[in-house]
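> If you want the building blocks of each chain, they are given just below.
There are 2 protein chains.
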Amino acid sequence: MTIYNFAAGPATLPDQVLAQVQAELTNYQGTGLSILEISHRSVQFTTLLAQAKQLLLQLMNLTEREYEVLFLQGGATLQFTMVPLNLANKFHRVAFVNSGHWAERAMAEAKLIPDLAVEEIATSAPQFNHFPTVEFTGPAQYDYLHLTTNNTIFGTSLKQLPAANLPLVGDLSSNFLAQDYPFDHFDLIYAGAQKNLAPAGLTVVVVKKSLLSQMPTALPAMLSYRKLAAKDSTLNTPPVFQIYVAKLVLEWLVSQGGVSAMEAINRQKAQLIYEVIDQTNFYHNPVRPADRSLTNIPFTTGNSALDQTFITTAEQAGLKNLKGHRLTGGMRASLYNAMPLAGAVALRDFMLQFAKDHAEEK
Amino acid sequence: MTIYNFAAGPATLPDQVLAQVQAELTNYQGTGLSILEISHRSVQFTTLLAQAKQLLLQLMNLTEREYEVLFLQGGATLQFTMVPLNLANKFHRVAFVNSGHWAERAMAEAKLIPDLAVEEIATSAPQFNHFPTVEFTGPAQYDYLHLTTNNTIFGTSLKQLPAANLPLVGDLSSNFLAQDYPFDHFDLIYAGAQKNLAPAGLTVVVVKKSLLSQMPTALPAMLSYRKLAAKDSTLNTPPVFQIYVAKLVLEWLVSQGGVSAMEAINRQKAQLIYEVIDQTNFYHNPVRPADRSLTNIPFTTGNSALDQTFITTAEQAGLKNLKGHRLTGGMRASLYNAMPLAGAVALRDFMLQFAKDHAEEK
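In order, the protein sequence lines correspond to chains V and R. Everything in the first sequence is counted per the numbering used here, starting at 29 for the first residue and increasing by one. Everything in the second sequence is counted per the numbering used here, starting at 29 for the first residue and increasing by one.
All clues stand as given, with none of them false.
Because identical chains cannot be distinguished in the list, a pair is counted as satisfied if it fits within a single copy or across any two copies.
DSS-like cross-link-like pairs, simulated, lysine-lysine; straight-line CA separation at most 27 Å:
no.: 1; residue 1: K237; residue 2: K259
no.: 2; residue 1: K259; residue 2: K139
no.: 3; residue 1: K118; residue 2: K255
no.: 4; residue 1: K237; residue 2: K118
no.: 5; residue 1: K118; residue 2: K139
Since the hints were derived computationally from the structure, they do not count as laboratory data.
From just these sequences and the hints, can you work out the full model?
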């Protein structure tokens, strides 16, 4: 039985990548050492770090001249703190678009920074069934505007970046390299890697180099982008294994045609599921169609017992981790880059059959 | 040719552990999923997290009633900041024993915390060729005393914990579970995992539960022990893979007889190398014998060209990563738990032969 993993993260990784990791796990590039034992000061690691940075910039259409890539730890949650600590230096005032749970978490952490004004300038609360519209008129006295581009829980995503005359910060964790943005419109991008890039334990930050020199100099080393950048992400021992897997995934993404090709496949995968939802009248998704996420699709039958039967039956059929987030209930299908089209087809077919089999129970 | 990896960290891991990681990498416990894809909310992960915590406490002779185990990210360097943020609440004054580079780094980061007095109460600077003696008389108006129990670079280690009537904090990174201490004398222990426990990207913190409730409540989530403890290290996505490998290493340590058995083997391994150093008059180690580290042995021939020949020739013989730290030059042999006795024997034999072959060049 083919297994497909629809978990929201940690999530499925490309089969080819897993096969390579397994094959060379006890002997990395003929060194006789495992990648798990390789020093972060070794030529093997510094080479793969440079390759990973270069591949990432290439995939995002960014230049090394303009952007710094950092491979950090602590997840997006630590970035909720690091971003204001490093960037909120001029106005001590930051603007957030509240598009759901993770935007709210980012705001809550920013509010813990002393002497910082945290303002919600647009919201889709409490239902979060659309992406809030962001409109700026006149000069914006904010250090930055923070966006969470995709909402893993509520299944919305931002399709068009707002035109704003202030620095743009994006938490791209759940559609990182899965949806194509003009990445150069961002001043700082961060993403937990465990959805689209690598195993849990790696956070990617891509930041404009011109900002680094304006950042405070007296922050603790592990909270300072400028100190971490000055040491090329090896201020202390970085998560070597995750960076290695990320490099393999980045190579795989290039081989698949890059971010725009991935977005096209992701649209196709998502479309298969949204079509069943819209056409059968058996499943429901509350999100405004224009704002629907490509990577995270929450849905329900409207009957929680039937939802539970769906989740259990799907699990038995090899369609794993379709249980929805506790805040929404129901089901959720996460269709990140590494989910093959065949996985979405298998889910579509299962949904159609399940709707037939259980039509009476609604 | 058998390869032995003497790197100071990331370091060698037990062969059995690497074999098991490789064998089950694409199918963890029959789930059809890789451990790299397993959710941190899955029963598979919560089970292994609980097992890892229990094994660690068992190995340290600590109880779950009294101590909390946290599996974090950011390395010891982030702990240099987190420890004072969480613990320096009463006197806003902390005491450090300066036993070398990493103690100095810990002090430097503590000094970046506003309104905190950082005092060096004992030092072995500038040579760091012994472990400073710590003596307390009278009441100590410090929030804690910070010790770096083993010095990876200078090759010293603390043999007997000081009798001090104040909370004891230990950075045990480089002799964690390799040297037996009365761990219950510590109020907080931290260790980067990449030397004795797991691949880089995991930091272990063991803290007295009674301290948690006294810690500040408004710290950023990822910098707050009490918030991280309240969510059992899964406040956000933890480094699942590293925790999994740590659990395998902890099982291996139990199978080897635990920490006191490991210390006995480590003494035996270290003794082989120190004997060559002391008896041949070809190699030198500057550390006071009573304070010599069991896990990190720096040595030199006294001739930098000959040192380079040693390092290159050893590498060709499969004895890898013997280059000393840039601060000391020369050679360094790291003999952590996972280095088998046979590795130390191979190095001893190589050192004897090299001394014979190059006796004229000194």
